[in-house]
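Visitor: Here is what each chain is made of, one letter per residue.
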Amino acid sequence: MSDFLRSYLTVAIFGGVAVALVGVLLGLGSFLRPSRPTATKTMAYESGVDPVGDMWSQSNIRYYVFALMFVLFDVEAVFIFPWAMRLETYGYFGLVEMAIFIFILVLGLAYAWRKGMLKWV
Amino acid sequence: MLQTLLAQQAPIEAIDTPAIDWAILAPLLVMAVGGILMLTFASVLKRLPSSVWSVAAVVISLVTAITVIPLWMRVTDTANSATSTLAGAVAFDGFSLFLTVVIALSVALSAMLADGYLKREGLEGPELFVLLMMSASGGIIMSFANDLIVLFIGLEILSIAVYVLAAMHTRKLQSQEAGIKYFVLGAFSSAFFLYGIAMIYGATGSTNLIDIKNFLSATVLADDALLLAGFALMLVGLAFKVAAVPFHFWTPDVYQGAPSPVVAYMASAVKAAGFAGIIRVFVLTFEQYRTDWQPVIYVLAILTLLTGSFLAIVQTDVKRMLAYSSISHAGFLLVGVQAATDRGVNAVLFYLAVYSFMVIGSFGVLTVAGGVGDNAHTLDDYKGLSKRSPMLAFAMMIFLFSQAGVPLTTGFFAKFGVISAAIDARSFWLAVVAMISAVIAAFLYLKVIVAMFFAGDDDHGHGADAEDAADASEADADDAGHEPIDIPLGAGIAIGVCALVTVVFGIWPGPIDDLAREALPRLVAESSAFLEIGN
Numbered sequence: 000m001s002d003f004l005r006s007y008l009t010v011a012i013f014g015g016v017a018v019a020l021v022g023v024l025l026g027l028g029s030f031l032r033p034s035r036p037t038a039t040k041t042m043a044y045e046s047g048v049d050p051v052g053d054m055w056s057q058s059n060i061r062y063y064v065f066a067l068m069f070v071l072f073d074v075e076a077v078f079i080f081p082w083a084m085r086l087e088t089y090g091y092f093g094l095v096e097m098a099i100f101i102f103i104l105v106l107g108l109a110y111a112w113r114k115g116m117l118k119w120v
Numbered sequence: 000m001l002q003t004l005l006a007q008q009a010p011i012e013a014i015d016t017p018a019i020d021w022a023i024l025a026p027l028l029v030m031a032v033g034g035i036l037m038l039t040f041a042s043v044l045k046r047l048p049s050s051v052w053s054v055a056a057v058v059i060s061l062v063t064a065i066t067v068i069p070l071w072m073r074v075t076d077t078a079n080s081a082t083s084t085l086a087g088a089v090a091f092d093g094f095s096l097f098l099t100v101v102i103a104l105s106v107a108l109s110a111m112l113a114d115g116y117l118k119r120e121g122l123e124g125p126e127l128f129v130l131l132m133m134s135a136s137g138g139i140i141m142s143f144a145n146d147l148i149v150l151f152i153g154l155e156i157l158s159i160a161v162y163v164l165a166a167m168h169t170r171k172l173q174s175q176e177a178g179i180k181y182f183v184l185g186a187f188s189s190a191f192f193l194y195g196i197a198m199i200y201g202a203t204g205s206t207n208l209i210d211i212k213n214f215l216s217a218t219v220l221a222d223d224a225l226l227l228a229g230f231a232l233m234l235v236g237l238a239f240k241v242a243a244v245p246f247h248f249w250t251p252d253v254y255q256g257a258p259s260p261v262v263a264y265m266a267s268a269v270k271a272a273g274f275a276g277i278i279r280v281f282v283l284t285f286e287q288y289r290t291d292w293q294p295v296i297y298v299l300a301i302l303t304l305l306t307g308s309f310l311a312i313v314q315t316d317v318k319r320m321l322a323y324s325s326i327s328h329a330g331f332l333l334v335g336v337q338a339a340t341d342r343g344v345n346a347v348l349f350y351l352a353v354y355s356f357m358v359i360g361s362f363g364v365l366t367v368a369g370g371v372g373d374n375a376h377t378l379d380d381y382k383g384l385s386k387r388s389p390m391l392a393f394a395m396m397i398f399l400f401s402q403a404g405v406p407l408t409t410g411f412f413a414k415f416g417v418i419s420a421a422i423d424a425r426s427f428w429l430a431v432v433a434m435i436s437a438v439i440a441a442f443l444y445l446k447v448i449v450a451m452f453f454a455g456d457d458d459h460g461h462g463a464d465a466e467d468a469a470d471a472s473e474a475d476a477d478d479a480g481h482e483p484i485d486i487p488l489g490a491g492i493a494i495g496v497c498a499l500v501t502v503v504f505g506i507w508p509g510p511i512d513d514l515a516r517e518a519l520p521r522l523v524a525e526s527s528a529f530l531e532i533g534n
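Residue numbers (numbering that gives the first Met the number 0), protein chains in the order written: chain G, 0 to 120; chain Y, 0 to 534.
Heads up, a few of these hints could be off.
As the list claims (entries may be wrong) - Straight-line C-alpha distance at most 30 Å; calculated DSBU-like pairs for lysine-lysine:
(1) Y:K118 to Y:K171
(2) Y:K118 to G:K118
(3) G:K114 to Y:K118
(4) G:K118 to Y:K171
(5) Y:K45 to G:K118
(6) G:K114 to Y:K171
(7) Y:K180 to G:K114
(8) G:K114 to Y:K45
Note that these hints are calculated values from the structure, not bench results.
My request is simple: use the sequences and hints to build the entire structure.
Guide: Here is the structure:
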C-alpha cells in the first residue's frame with residue numbers, strides 16, 4: 000500500500016471511531032432508560048401544536064420555481080465574492096469575464112421574467 | 000489605521016492569462032452564442048411561428064459546420080499544424096473538427112425532425128432547440144478537450160441539457176420518467192468520472208492530457224494502483240454516456256420515453272462526444288498503459304455486442320429495439336477503440352459519422368410514424384407501414400439495412416472498418432464475436448422490415464392492436480390503420496438527407512473515409528509534436 004493510500008487509513012479509523020462512539024452511547028441509552036410509551040409521548044412534536052394531516056403534504060409549485068430562481072442567483076453570488084476579493088489581480092481580463100458571466104445570467108433572468116416566472120399567480 | 004492597513008497590502012501582481020486563439024473556438028462560440036441569443040429573442044418575440052426556431056437552429060448548426068471548413072484547411076495544411084490553445088486546454092486537430100461537424104449536423108437534422116414533432120404534440124416553443132444547441136456546445140467542448148477538467152465541463156453541459164430534453168414532452172408520463180431516470184443515473188456516472196479525474200490527478204500531478212502523457216512517458220510509477228483506479232472510474236463515466244454494457248440499463252427506458260427527435264440526437268451526438276472522450280483519454284493519453292485498459296475494453300465490447308443484439312430480438316417495441324441496437328452499435332465502436340491503432344480510430348470516426356445519419360434517419364421515421372402522442376411504436380403498429388406511407392417504409396428499410404451492415408450502404412463499410420481494425424490488432428476472437436452479433440442483429444432488423452412490408456395485408460395482424468383501439472369505435476380503428484401518413488416538411492428533408500447519405504456514401508465511401516483518415520494522423524502527430532515541445 001502506498002503512503003498516499005495509507006494516509007487514508009487515518010480517515011477510516013476516525014470514521015470507525017465516530018460510528019462506534021455514537022453506537023455505544025445510543026445503545027447504552029436505550030438499554031438503561033425505562034420505556035413507557037403513551038399516545039401523547041409518541042406524537043410528533045411540532046412547536047407545541049398538534050400535528051395535522053399527512054407527512055406528504057402538497058405545496059404550491061410556485062415555491063419551487065422561486066426556490067430555483069433563488070438558487071441560481073445565490074450561486075452567482077458565490078462566484079462573484081472570490082472574484083471581487085481578487086479583482087485587482089485579475090485586472091481588465093477578470094472584469095470582462097465577469098461581465099460576460101453576469102450578462103448571460105441577466106439574459107436568463109430576462110427569459111424567466113418574460114415567461115412570467117416572477118409573478119405570483 | 001487605514002493607512003497602516005493599506006501599507007501592509009502586498010503589491011498587486013497581475014495574473015498571467017493564457018493566449019487565446021479565438022478562431023479555433025469559433026465553432027463552439029457560434030453554437031453556444033447562437034443558443035443563448037435564440038433564447039433571448041424567444042423571450043422577447045413571442046408571436047413568431049414556431050418553425051422560425053427550427054429554421055434558426057438548423058442555420059446556426061450549419062454555420063457551425065461551415066466555420067470548421069477554414070479551420071480544417073488550416074489543420075490539414077502542413078504536417079504539424081495541429082496545435083492547442085488556452086494553455087493547452089483546447090486541442091486543435093482534425094479529430095476535434097471532424098467530430099464537431101458530426102455533432103453540428105446531428106443538431107441540424109434533429110432540429111428538422113423536432114419541428115413537425117412539436118407541432119403535432121402541441122409543444123411549440125424554442126426551448127427544445129435551445130437545449131439541443133446548448134447540449135451540442137458541450138459535445139463540441141468534449142471533442143476539443145485537452146484537459147480532464149475541460150472534458151468534464153463539456154460532459155456536464157452536454158448531459159444536463161439532455162436530461163431536460165428527455166423530459167421535454169411535459170404531458171407524457173413516460174417522458175418525465177425518462178428524464179428522471181437519465182438524470183439520476185447520469186449524475187452518478189458524472190460523479191464516477193470526476194472521482195476518476197481526481198485519482199489520475201493524484202497519480203500524475205496534472206489534469207492536462209499533454210502533461211499527463213509527458214509525465215507517464217518520463218516516469219515509471221512504483222505503484223500504479225491510483226492510476227488504474229482512475230482509469231476504471233473514468234471508463235465507467237464515459238461508458239455510461241455511450242451506453243456500453245454493463246452501464247446500459249438506462250438506455251431502453253430513456254430511449255422509449257424521450258421524444259423521438261431527442262432520441263435521434265442522443266443516439267448520434269451524445270455517442271460521438273462520449274467516444275471523443277474515450278479516444279482522447281485512453282487511446283491517446285494512456286497509450287503506454289494500453290495493456291492495462293485494452294482487456295477491459297475488450298470485455299466491455301463483447302458484453303455490449305452480445306447483450307445489445309440478443310436483447311434487441313426479444314423486444315416488441317420498435318423504439319426499444321432500436322435502443323438495444325444502439326447499444327450493440329456502441330459495442331462495434333468499442334471494437335475499434337480496443338484496437339488502439341490509427342486504423343481503429345479511423346474506423347471509429349467513420350462509424351460515428353455514418354452511424355449518425357442512419358440512426359437519425361431511423362428515429363426520424365419513428366418520429367413521423369409514431370402518431371400523436373409518439374406512442375404507436377409496437378411492432379404491430381408498424382405492420383403495413385409500406386401501405387400507409389411507401390416513402391417512409393422505404394427510407395426505414397434503407398436505414399435498417401445499413402444498421403445491419405448490408406453491402407451498398409454505409410453501415411457495411413463502418414462494420415468492415417472496425418472489424419478489420421480489430422483483426423489488424425490481432426483481436427481475432429473479438430472480431431468473431433462482432434461478426435456473430437452482426438448476424439444476430441440482422442435478424443432483428445429483418446423482423447421490422449418484414450412487418451413493414453409483408454404483414455399489413457391480413458386483418459389478423461391489424462386485429463392484434465385491438466386493445467389500443469378499445470376506446471375508439473371499430474370502424475375508426477380500421478381507418479386509422481390504413482390512413483396515409485403526412486410527413487412534415489422538415490422531417491421529410493431530414494429523412495431524405497439521411498437516406499441519401501446512407502446510400503450514396505454506401506456506394507462511394509471514399510470522401511468520408513478520406514476525411515476520417517485526415518482527421519486521424521493529426522491526432523497522433525499532435526501529441527507527439529507536443530512531446531517534443533514538452534521535452
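Visitor: Take the hints in turn and mark each one as holding or not.
Guide: Status of the hints after comparison with the structure:
no. : hint             : in the structure
1   : Y:K118 to Y:K171 : holds (15 Å)
2   : Y:K118 to G:K118 : holds (28 Å)
3   : G:K114 to Y:K118 : holds (20 Å)
4   : G:K118 to Y:K171 : holds (27 Å)
5   : Y:K45 to G:K118  : holds (18 Å)
6   : G:K114 to Y:K171 : holds (22 Å)
7   : Y:K180 to G:K114 : holds (27 Å)
8   : G:K114 to Y:K45  : holds (10 Å)
In terms of the numbered hints stated before, the structure departs from none.
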